[in-house]
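Each chain, letter by letter, is given below.
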Amino acid sequence: MQHTFIEILRRALDEELAHDAAVHLLGEDVAAGGAFGVTRGLAEKHGAARVRNTPISEAAITGLATGAALCGLKPVLEIMFIDFATLSMDCLVNQTAKYRYMSGGQLAVPLVVRTQAGAAGGAAAQHSQSLEAWFIHVPGLIVVAPSTPAEAYGLLKSAIRLGEPVLFIEHKRLYTMKEELPQDAELLPIGRARIARPGTDVTVIAYSAMVQTALEAAQTLADAGISAEVIDLRTLLPLDMAAIAASVSKTHRVLVAHEAVLNGGVGAEIAARIGSELFDELDAAVLRVGCGFAPIPFAPELERALLPGSADLVHAARRLMGKG
Amino acid sequence: MRRAGSSLVTEPTLADWTEMYGALWRIRLFEGQVQRLAAAGEIPGFPHLSTGQEAVAVGICTQLEREDVLFTSHRGHGHVLAKGSDIEATFAEILGRRTGLCGGRGGSMHLVDATQGVLGATGVVAGNLALAAGAAWAAQAQGRRDISVVFFGDGATGAGAFHETLNLAALWRLPVLFVCENNGYAEFTSREEHSNVKHVSSFAAPYGIATQTIDGNDLPTVFGAARDAIEILRRGAGPYLLECMTFRLAGHYVGDAQQYRSKEELAAMREKCPIERLKRHLLERGVAQQELEAVAEHTKKEVLRAVERALAAPRPDPATVLEFVYRAPALAAIPG
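Just so you know, the protein sequences line up as chains P and F, in that order.
Numbering follows this note's numbering, in which position 316 of the first sequence is assigned residue number 316; successive positions increment by one, without gaps.
Numbering follows this note's numbering, in which position 178 of the second sequence is assigned residue number 178; successive positions increment by one, without gaps.
Worth flagging that the hints you see were computed from the coordinates, not collected in a lab.
Nothing false has been slipped in among the hints.
Example chain P residues on the side facing chain F (calculated, C-beta under 7 Å, incomplete):
1) P55
2) G63
3) G72
4) R100
5) S103
6) Q106
7) L107
8) P139
9) G140
Bear in mind that the values here come from a model prediction, so they are computed numbers and not experimental data.
Backbone N, C-alpha and C define an ideal beta-carbon position, used for all residues, glycine too.
Chain F with its partners taken away, still in its complex shape (with noise of 0.2 Å):
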């Protein structure tokens, strides 16, 4: 994040630290909105939540500047808020509008959005590990000190694509911060039954890659994580593997009634709830329980306006749909 005119915040006062709340709240109820959505036919496909886990978007994504670039994975709504993309336009997509961020050709698991440095959710599960570090490789090429950082989850580790590009992206110091949000579960099956790694960051050491394991349901946590990290990638001396463990508090994706989870899993999950965290450590440093209260609500008019605005948005036009497969014109009129 940024204070007006400033450069990027490194040390967090209190009144960051409540907007950093705000973000929080932003990604957790615009995907409450996408769930209801969803669950009431307004959605297509199979949309993702990260709900439980937004301490890791906003940690790391408030560090990072517009020209940085970010790759996720079908689980990244809150990384592409947190990098600043228009909530609207965002919403938008994800219902499939004209409006929205791609048109309505990308969706929930194909979130893009190039000015703001969002180059993309993937729905392959690894498969936007080597396009970070080709991203990290092109800002090396080119002298630009922009870093490349690309969100996964645990069960990413299991793909040979994670261990090819965590080889080459040593191999060749790119600056590139992957960043695995272990929240326990690849897709309906625990992390036990997928390997005998307990830690992702275990894998790094082989490749020399400097690594961390933290709490990622803690903010202040996460902020200074990847503090660290990034200054260790503008330096030079990247990449940097952090691991966040962190909790799904929403199922795979929206309808899997989590069978495989019992109801205590679930109840201990909430308790480690990062915005009630962030809000205890809040009231416990001074900030009013007013003041937050306000934050919250005034996050919900804001989300509320977008998807409102989101949902009155026109539907993209079908005479369209082969535009974007080439350059227009030369190539639009291959035939398939």
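So that you can see chain P by itself, here it is in the shape it has in the complex (with noise of 0.2 Å):
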């Protein structure tokens, strides 16, 4: 049986409420549901003390849960929006990534923040951004963005146990979408990236939503004789860069897509990472295909106009196999 992106995260966060008493959810509104119902359920099933509902303080909710973490609870705390993470970053930058770091190692922060970003809809400028660059440039985060439901049932488990801060980002477009999970899907490791579809002419590096972009997107190629790797990154803070550099030496070009905007963004980093240490194995320049320059704007038409889709990554796949 399917299920949903919304579904499956439920079940992740119901199994680890049960595996480890440690575990509390809080957020605005979670004990409710949530406002995608995500935790729907959870506050009956597991009591109203580990699925807590907090006042809309964003920066308090994010100092208290980096607090708890540090005297033995394993928070899982839910900013609704990234675009609301920017009222948390004072903590988030400050305190919870630099804590194991500024106390020599005494203390560590085992606190998974789940939040939702990307845009549909029409959520527009404050309700729409992909806003990851921002924390992988943090040391002592951990950034991780799923591509499918059951990729973020294992990813979000691990997470969990993991120890260290995680920064979980779900992307709103995947909420509906469904697929099966098997009664014993297993944990996933944090910081390694997967072939999401071989290929042997071109590498396409992508994450969260943008890997279902890609794979149409090599579906097409296909169609027209070009063979693409899809490599979702699952975790983007840490890099797998061994991934990475076994796909590239593979096919020797490469294209990194993501629904952020390109200034300062993570394929600005894969790039300039290949160009430094797997440059003898490039054919081509590294392309990049992104979001256009300006806040994600409201009216459908403009949206669509302004996010990147399967057409831009094709005809970026096209230009590095010459055939542009």
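Reassemble the complex: the two chains are provided individually, in unrelated frames, and hints are given to aid placement.
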């Protein structure tokens, strides 16, 4: 039987609440299920003390979760939209990420901050952003961005057990995606990318919902005789450079695709790393596809016009192959 | 404080007060050494001294169990020492030495000593309030009776996090003691220029938080108020906001010329020095002048010895600079 991304996240949280008494969920509206229903029914099942509503106070609840993580809990904090994580930034950047280091290894922050990002359905400029690049700049954080329901299941469970502060970014466009998840589905490793589709001519590196876009593009390219390998990064910090290197040494051509703008983005980091570490493997300059450099607009026509789609990826891949 | 083999002292004897007199001196002398060595260029960064505010640290921390956790601000040396951290390791951290509490990675503004429940100082004003509430939540959720204490200055009340945390702590009845050291200045600017709200304790009422404004330079007053507040927290009837009116005899940081304060103002503050006040109090109650001098002298030797040893301690090995970003060894090699 198939389940949506939301249902599968709920199963992961449900299982982790049952697995470890230290796990607690908190966030705005989470006891009632949260804005997207991810935590629906969990307060009833695990008790209101373990699935707690908070006031709309992102700064305080991020600090609260961090302090609790220092003292024996394993909180899973929901920040409803990544756009609101701007209000959590002081704590996440100045405290949460640095605690292990500043204390010389005395303390750790086993905290997962689940948040939801990306553009879809006219959520407009303050509920649609892809801000992941802000966080990969911070030593001490782990940043995870799953691409499918089953991936989200295995990665979320691992994130909760990791013992480090993890920003877990869910894409709202994936929430309705359905997949089957076996009863004995396994945990997935943090920090390891996967090959979402093998290929030989060009490597397309993506994460989150863009993996689905890349898979569509790969199918179109296959029809045109170009074999694209799609790498799903899963984890943006740390980057799995070994997986990237293995693919690049096979295809010698790389396209990095993400929904975030290109300036200072994850793609910029990957392109720079490939340029300095794998230059001899390249047959063409690394290309990037991302969002146009503007806030996400409201009107559907404008939103579509700004966001990168599979046609943009196909076009870039053809250019890499000298067929543009 | 605790007498050998007994529970925490709640009704101090003259001997206990005399011991606390030594604790005040310990902080004063420790920070005197910080000032001296910072001026001499031996201490990196810009340490902030609590000179003149020692009674708040001693009056409160003396009544905490080791398991109770403490969070503090950029002006936290006194709180850390009063909670029980080793003088030498604390000084070594401020010097940036390998033997420091955090191996030289934290420094004056980021002291952590987990073994003593010192969960950290922060350089961001109001940055630790919510963490302290979180620690209190963890204790509550796990059915422990520990409490959490956070020290902050009056400047922190301008931050949204202060109000957010007060609301949340009251809503969840968290066992957290908010201690505001109201020294009248937020960095270089007087409280009058920061806010129309004269007393920080005024912020407690709308949230339904028990509060008191006290003379923070009178050790017995601080001790009594803290004992009552802690008793409320242990009963699960927290949180509590204790506003301690005090004075910062030092500048905002070592090197601050304090041109924003008049000589007369500073002279008036010195009159209210908590050490002098406790001394007068103890002399009135019959403690011999000589005994108090001996306590101060003994403490001076203790501090100077610790400082000497800290100065002789090895510096950190630069080859270890990437350790502790993540848990070793699995994620230690994560490239930035």
